[in-house]
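Undergrad: Note that the protein sequences, when read in sequence, are chains X and H.
Using our numbering, the first residue of the first sequence is number 9, and each one after it goes up by one.
Using our numbering, the first residue of the second sequence is number 3, and each one after it goes up by one.
Bear in mind the hints are in silico, worked out from the structure with no lab data behind them.
Be a bit skeptical, because a hint or two may be false.
Claimed, not checked - Examples of chain H residues lying across from chain X (beta carbon under 10 Å, computed):
1) Leu-79
2) Val-80
3) Glu-98
4) Arg-103
5) Gly-126
6) Glu-131
7) His-142
Predicted model, so just to flag it, every value in this text is computed and none were measured.
Here a beta-carbon is modelled for each residue, glycine too, at the ideal position from N, C-alpha and C.
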Amino acid sequence: MNWELIGNIATSVFVLGGATLCFFGGLGLLRFPDMLSRLHAATKPQILGMIFVFIGVAIHLHNLAVIGMLVLMILFQITTAPVGAHMLARAAYRTDQIKGDRVVLDELAELYNDQD
Amino acid sequence: MKRHFRKTRIYAYSLMVSWLTVVWVLLWGDLSWANVIIGALLGVLVTAVFPLPGMDFNGRFRPWHFVNLVAHLAVDLVVTSFQVILQAISPGPRIESVVIRVPLHTHNELLMTAIAVYITLTPGSVIVEAQHSTGDLYVHMLGITTPEEIEEAKRRVFDLEYRIVASFGSKREYALCKQYVNELKEQRANAKELGA
Numbered sequence: 009m010n011w012e013l014i015g016n017i018a019t020s021v022f023v024l025g026g027a028t029l030c031f032f033g034g035l036g037l038l039r040f041p042d043m044l045s046r047l048h049a050a051t052k053p054q055i056l057g058m059i060f061v062f063i064g065v066a067i068h069l070h071n072l073a074v075i076g077m078l079v080l081m082i083l084f085q086i087t088t089a090p091v092g093a094h095m096l097a098r099a100a101y102r103t104d105q106i107k108g109d110r111v112v113l114d115e116l117a118e119l120y121n122d123q124d
Numbered sequence: 003m004k005r006h007f008r009k010t011r012i013y014a015y016s017l018m019v020s021w022l023t024v025v026w027v028l029l030w031g032d033l034s035w036a037n038v039i040i041g042a043l044l045g046v047l048v049t050a051v052f053p054l055p056g057m058d059f060n061g062r063f064r065p066w067h068f069v070n071l072v073a074h075l076a077v078d079l080v081v082t083s084f085q086v087i088l089q090a091i092s093p094g095p096r097i098e099s100v101v102i103r104v105p106l107h108t109h110n111e112l113l114m115t116a117i118a119v120y121i122t123l124t125p126g127s128v129i130v131e132a133q134h135s136t137g138d139l140y141v142h143m144l145g146i147t148t149p150e151e152i153e154e155a156k157r158r159v160f161d162l163e164y165r166i167v168a169s170f171g172s173k174r175e176y177a178l179c180k181q182y183v184n185e186l187k188e189q190r191a192n193a194k195e196l197g198a
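My request is simple: use the sequences and hints to build the entire structure.
TA: What follows is the structure in structure tokens.
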């Protein structure tokens, strides 16, 4: 066992793990019943999967410049993905895409009823 | 008062330009004088061409609470991912959800944004709507249906608000949230005693 081998194994584990997480995110996107539920699948496993792939890349290249850029990418992904999800959720709600029988309680409806 | 305001503006501006310089250097991946100078010049240019609206932010940074926040965020991100995966592959009846209103203690725009982003990264919740005037967040919760579960979910959001406000909030907001979280803890302890 030398360090190069250990590094290669760790890289494979992280990249494969990240890809698997992204795959299940996609599966959730297909299987969840409505728009808002799908957003859960679109944001969470996807972000963690990407972070895992980046960790794998960082271990493989172990180069400070690359790591700096990866940290930046993770930071922007974590801050922008939820904002994008929020915009979609808002649009979905306002166009009645979620009023299925799967939402058992909706306290936001009161707000919009007051405004009408 | 006016002078103080000016001072914070200059402070915020220099912080912004420094941050943009750091981003530029990280993107090039090479710490050289040329990169730092060009990054700083671009930072000045970008802030001049695309100015951000002024924000009233009177919070303070508490490093220890921030470390705690980052640790919680990392754990939450892992837990939430596996929870969504489990829900995605579990067979049977389709999953139910609720949209609930959570009245926050802070009305600060920046903190509310941070809390909203954090909520979307934690297990089972996505933000749907934010009402700045009342400090209300409307959250979509996956796999939660009973009133007890809803109460518990709201409590989780307040814990998370506490972590953000403890890291960045003003003295007054921090005291407010701390008091509330302590009250919640007492309530929980009392409920446990009654149950036992």
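Undergrad: Give a verdict on every hint.
TA: Taking the hints in turn, this is what the structure says about them:
Given the 10 Å rule on beta carbons, the hint for Leu-79(H) holds: about 5 Å separates it from the nearest Cβ of chain X. Evaluation of the Val-80(H) hint against chain X yields a held restraint, the C-beta minimum of about 6 Å falling below 10 Å. With a least beta-carbon distance of about 5 Å to chain X, the hint placing Glu-98(H) at the interface is held under the 10 Å criterion. At about 4 Å, the closest approach between the beta carbon of Arg-103(H) and any beta carbon in chain X falls short of 10 Å, and the interface hint on this residue holds.
The restraint placing Gly-126(H) at the interface with chain X holds, with a minimum CB-CB distance near 7 Å, inside the 10 Å limit. The interface hint given for Glu-131(H) is met, as the beta carbon of that residue sits about 6 Å from the closest beta carbon of chain X, less than 10 Å. Interface hint status for His-142(H): upheld, as the beta-carbon distance to the closest one in chain X is roughly 5 Å, under 10 Å.
The structure agrees with every numbered hint stated previously.
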